[in-house]
Amino acid sequence: MADVTLSGLSKSFGATLALQDVSMAIPSGAFVVLLGPTGAGKTTTLRLIAGLDAPDRGDIAIGGASVLNDTPAQRDVAMVFQQYSLYPHLTVRDNLAFPLRSPRIAMPEDQITRRVAEVAEVLRIPHKLDNKATALSGGEMQRVSIGRALVRQPRIYLMDEPLSSLDAKLRADLRIELKRIHSELAATFLYVTHDQIEAMTMATHVGVLDQGRLVQFGTPREIYETPVSVYVASRLGQPRINLLPADAFGKAPAGAAQIGLRPEHVAVGDGQPATVRRVEHLGDQTRLHLTLGPHALITLSDPHTSLRPGDTVAIHPQNPLWFDAGGNRI
Amino acid sequence: MAEIVIRNLRKEFGAFTAVEGSSFTIRDGEFFMLLGPSGCGKTTTLRMIAGLELPTSGEILIDGENVSQRPASKRDIAMVFQMFALYPHLNVRKNIAYPLVSQGVPKAEVAVRVAEVARILRIEHLLAKGVGGLSGGDRQRVALGRAIVRRPKAFMMDEPLGALDAEFREIMAEELRALHDRMKATTVYVTHDQLEAMQMGDKIVVMNHGVVEQFGTPQDIYDHPATLFVANFIGSPSMNFLAFDGSTAAGAASVTLGSTQMALPALEEAASGKLVLGVRPEHVTFRDSASYRGRIEATEYLGTTQIVTLAADHGRIKARIPSSQIAKVGETVGLDLDPRTLTLFNATTGRALRSAANARVHHG
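Protein chains in written order, with the numbering used here: chain A, 1 to 330; chain B, 1001 to 1364.
Hints are not guaranteed to be accurate.
Okay, derived cross-link-like pairs now, SDA-like style, lysine to any residue, Cα gap no bigger than 25 Å in a straight line [to be verified]:
{"id": "1", "chain 1": "A", "residue 1": "K169", "chain 2": "B", "residue 2": "V1101"}
{"id": "2", "chain 1": "A", "residue 1": "K128", "chain 2": "A", "residue 2": "T71"}
{"id": "3", "chain 1": "A", "residue 1": "K169", "chain 2": "B", "residue 2": "R1150"}
{"id": "4", "chain 1": "A", "residue 1": "K169", "chain 2": "B", "residue 2": "A1263"}
{"id": "5", "chain 1": "A", "residue 1": "K169", "chain 2": "B", "residue 2": "E1116"}
Computed footprint of chain A on chain B; a stretch qualifies when at least three of its residues, placed anywhere within it, have a C-beta under 8 Å from a C-beta of chain A [unchecked claim]:
{"id": "6", "segment": "1280-1291"}
{"id": "7", "segment": "1300-1309"}
Computed footprint of chain B on chain A, listed as stretches where at least three residues anywhere in the stretch have a Cβ under 8 Å from a Cβ of chain B [claimed, not checked]:
{"id": "8", "segment": "81-92"}
{"id": "9", "segment": "184-191"}
{"id": "10", "segment": "218-232"}
{"id": "11", "segment": "318-327"}
Note that these hints are calculated values from the structure, not bench results. Cβ atoms here follow ideal geometry from the backbone N, Cα and C, with glycine treated the same way.
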């Protein structure tokens, strides 16, 4: 494991500026999640670190030394992709052993046996080792793909949406497993996703990318509670943060153009009258869709609320976030 | 506008039974969800209602009329698919107008109805555009427009948002539901996404292996699952299951797990043998002096709340607690389960035992 430092990375593909002046310090042992919509530059960052693409400008250092002139193999990183890429004719055991038998590593067979057994244990697939890769479920195949990265003990693991092709329940299980694997290995992870739940639950640090720029880097709690901009505030939180004109509830600080209220920060009880438009019972929580004058907003209520569409409730803001005309937080 | 009644509907494909004796009623104007994992029979059920498959036995009544053996074209139902098939060489206006033109509706009326649909869907500014350059969401809106313009009795939607990414899916889900609230047309909607079903549906049918597991409002299904399958499928994280051997009598208001007496809603039937106590994550709270203990294995930050995974004597438990509360991995804590919310299941049959809390939902 090693720390990774990105300094002033830029990369264009033709006329498209994929990455602009990105700098980031990934401490050794961190679980960094890069979050952003399609086209934000997440995968480009991974590919530059892996050595699959070369940056136009900037430097990448792993363990304190620049790796720009190293081949992907010399960089000693492992990459896991969204689509599992297993050898279908090989057993799980041989799929896991494959990277260790490569000429560059050429590990003795007795060590390989031990290493494969360890990783199978971590991934909870020891009983599947003799199965053909094609005889596995989707979740098991993805665990084997992750396992193929884990056997190698590289300096950093790069993961590109490894869970996005799995169903919701399995994703939830594998989130916990990845976190456990990370803490057991004390390894450095750089993980790309557009799924905010993955970012919130697994990361020690979240980097939010917007059109090739790194706009905020911090703990999930910092990103959620003190976002630097409307864009960052909108990336985390379900339902999304409510954004209204700054004066929607009356007085606003100087320079504020918008007020941002997480649904849990729209307090019901006193304040401005709002009309209930729709009541959504999600089981553990109930979402109230409200209209406040011309504005729509969402708040949470008791799961068994008796409120119905057409009812009026009084609301006021709590812990509001204020944003200026450019979308930056004041 | 239509009420749809399904009675003992069954579909076999050779030796395989896709749907086994389903019965439920879709009221006029309802947004009705068919929910379940892939292969559960939900799409087959939808296709039978639409007339794209004919049932092996059973009845489908639309507004009181038995249409079971009638072809799709005679049922006046519009289908919306996941993969929106638009005519690439026609512009948005002509795509929406197409079903009317092919029915021979007079030109003037076509123009009026297309304009009305474009207004409802808020795509008036796109009418003259080709469909090639449209975004995914706008293509989906045009596909909806083509279904709406016919003014069918009911809409059948087969995972219409399945191909969209998470952020956009949420926006489209809200938009679809708002559209329904404006039009009030009976809609049957197939999904495997429990959150989508809870969020959009007035009623939900949960299916598994061709069988209707439960039918009801989202909140009732969440609070009072009829089976272990439903309890596990609905909710994220899903209901916790504490498995134990025991026996209970009708009238009992507690069960014994290990050395802990757990209060629960008074049971209306007896059971013995392999039992499962079900508790939702938000109904598990930490209390130092509670006798039931769990060791914290993992914590997951989710903004205002966090999910804490614990190992307990009868299985793994997930608790949803405020993120302001401190939970340290490795520590052992006492756990309270809110007695009003608990469900007891017979592990052998998979069914919930009838209790004072769920009797209305399961047998009302």
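Structure-based check of each hint:
| no. | hint | result |
| --- | --- | --- |
| 1 | A/K169 to B/V1101 | violated, 46 Å |
| 2 | A/K128 to A/T71 | violated, 34 Å |
| 3 | A/K169 to B/R1150 | violated, 39 Å |
| 4 | A/K169 to B/A1263 | violated, 29 Å |
| 5 | A/K169 to B/E1116 | violated, 42 Å |
| 6 | 1280-1291 | holds (count 3) |
| 7 | 1300-1309 | holds (count 7) |
| 8 | 81-92 | violated (count 0) |
| 9 | 184-191 | violated (count 0) |
| 10 | 218-232 | holds (count 3) |
| 11 | 318-327 | violated (count 0) |
Violated hints, in rising order: 1, 2, 3, 4, 5, 8, 9, 11; the structure is consistent with all others.
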